[in-house]
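Starting from the known structure of chain A, arrange chain B on it as the hints suggest.
2 protein chains.
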Amino acid sequence: MTAPKTAREPYRAALRTKALKIAESTVEEAGLKGLQARVIAANAGCSVGSLYNVFGDIDGLVVAVNERTLELLEEPLKRAFEANTTKPTAARLTALALAYMHFAFDNQNRWRAVFEHQPQSEVPAHYRERQARLLSLIEKTVSGEIATPEMRIRAARALFASVHGIIALALDNRISTFNAANVEGEIRFIVAAAARGLAEAQST
Amino acid sequence: MTAPKTAREPYRAALRTKALKIAESTVEEAGLKGLQARVIAANAGCSVGSLYNVFGDIDGLVVAVNERTLELLEEPLKRAFEANTTKPTAARLTALALAYMHFAFDNQNRWRAVFEHQPQSEVPAHYRERQARLLSLIEKTVSGEIATPEMRIRAARALFASVHGIIALALDNRISTFNAANVEGEIRFIVAAAARGLAEAQST
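Protein chains in written order, with the working numbering: chain A, 1 to 204; chain B, 1001 to 1204.
Source of the hints: derived by calculation from the structure; they are not laboratory data. Any given hint might turn out to be false.
To be verified - List time: in silico EDC-like cross-link candidates among lysine to aspartate or glutamate, alpha-carbon distance up to 20 Å: (1) Lys1033/B to Glu116/A; (2) Lys33/A to Asp1172/B; (3) Lys1087/B to Glu1145/B.
Unchecked claim - Away from chain A, derived, C-beta distances all over 10 Å, residues of chain B: (4) Lys1033; (5) Val1048; (6) Arg1068; (7) Ala1091; (8) Leu1098.
Just so you know, even glycine gets a beta-carbon here, dropped at the ideal spot from N, CA and C.
Isolated chain A (complex conformation):
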């Protein structure tokens, strides 16, 4: 006999919390490749069917883990944003970029999972909104130099992808052996040069 929907809700919520916590630890320790529905279900003390009932499918579980990672990432980014509001744009952008770098270094597996995951279906709107909120920190930071919203979005995406690219290639030892000081130097170089470029574009 199946319990009525309302009675099942607390169970679903508790299972969601428990399974998500286990999935987060798994990604933290073993990366995305370690995330197997069967193992997560066994550790959460439920069937794979119940797990999928809560998360939809394995994709839904990965998106939930990655959304938690974006939530964790938001904290240091917001701190960097708020601690530097009175500083020049270059210093503000650099603070955001280095906060992102430290998060990536300290949470490599979680961070990689966000970018490795190839979702089979459209990610939920609240995931996209969370992403957009992170990018908006950069948009706000360049708003003094860039007048139009669409150019601000372009600048924010370009700056984010640049800093991300430097970190990603460095962690994979793609163009040189990993060296944290070099990564920081490259990030400082591109962000400072771009910020000077923004200021100059403004003044001409």
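This is chain B only, laid out in the frame that chain A set:
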């Protein structure tokens, strides 16, 4: 009875050429995940043992394919470099960046293979040299603005990783739905801003 080494050399060279060509087409069509020693050997009409005898192991075959990709990439980059030697730094950097972007768009599977491959052992020196030669095109381009060789290397790596990051995130639809015009816009933005920043750093 095994033929003496000298007699085997022409056979080895011919097998290398043939197998490499097959492996290149395979990566082009199916990406790195399509590259299986058994299938390449069958198509080249040799045993897996003979294939490994020529390339060392599957890693060696992938590196050989990726080195060919870097060789192909060098052509448009050199053309972009040589066609713009008299132009301002921003225009020269933009020409290199857009040539790289077009190569990535037109050769997605080959291009991804270069960055997806996780070599189990150190890549050969000639592979690293070829990579360094490509980066040196950027180093030469910023040499008017940046005096010291190590800062030029830093700038070249940062600029390359930035442009690469923009392309990679865009092709994976990471922060927005893929749109070639937006990718070009973001690349032009970051390269132009950075180039203006270089020029200004020089003049102050």
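Status of each hint after checking the structure:
1. Lys1033/B to Glu116/A: holds, 15 Å
2. Lys33/A to Asp1172/B: Given pair Lys33/A, Asp1172/B holds - Cα atoms ~18 Å apart, limit 20 Å.
3. Lys1087/B to Glu1145/B: holds, 14 Å
4. Lys1033: Given a closest Cβ separation of 12 Å, the condition holds.
5. Val1048: Given that every Cβ of chain A is farther than 10 Å from that of Val1048/B, nearest at about 26 Å, it holds.
6. Arg1068: holds, 18 Å
7. Ala1091: Consistent with the label, Ala1091/B stays out of reach of chain A, its closest Cβ about 14 Å off (over 10 Å).
8. Leu1098: holds, 14 Å
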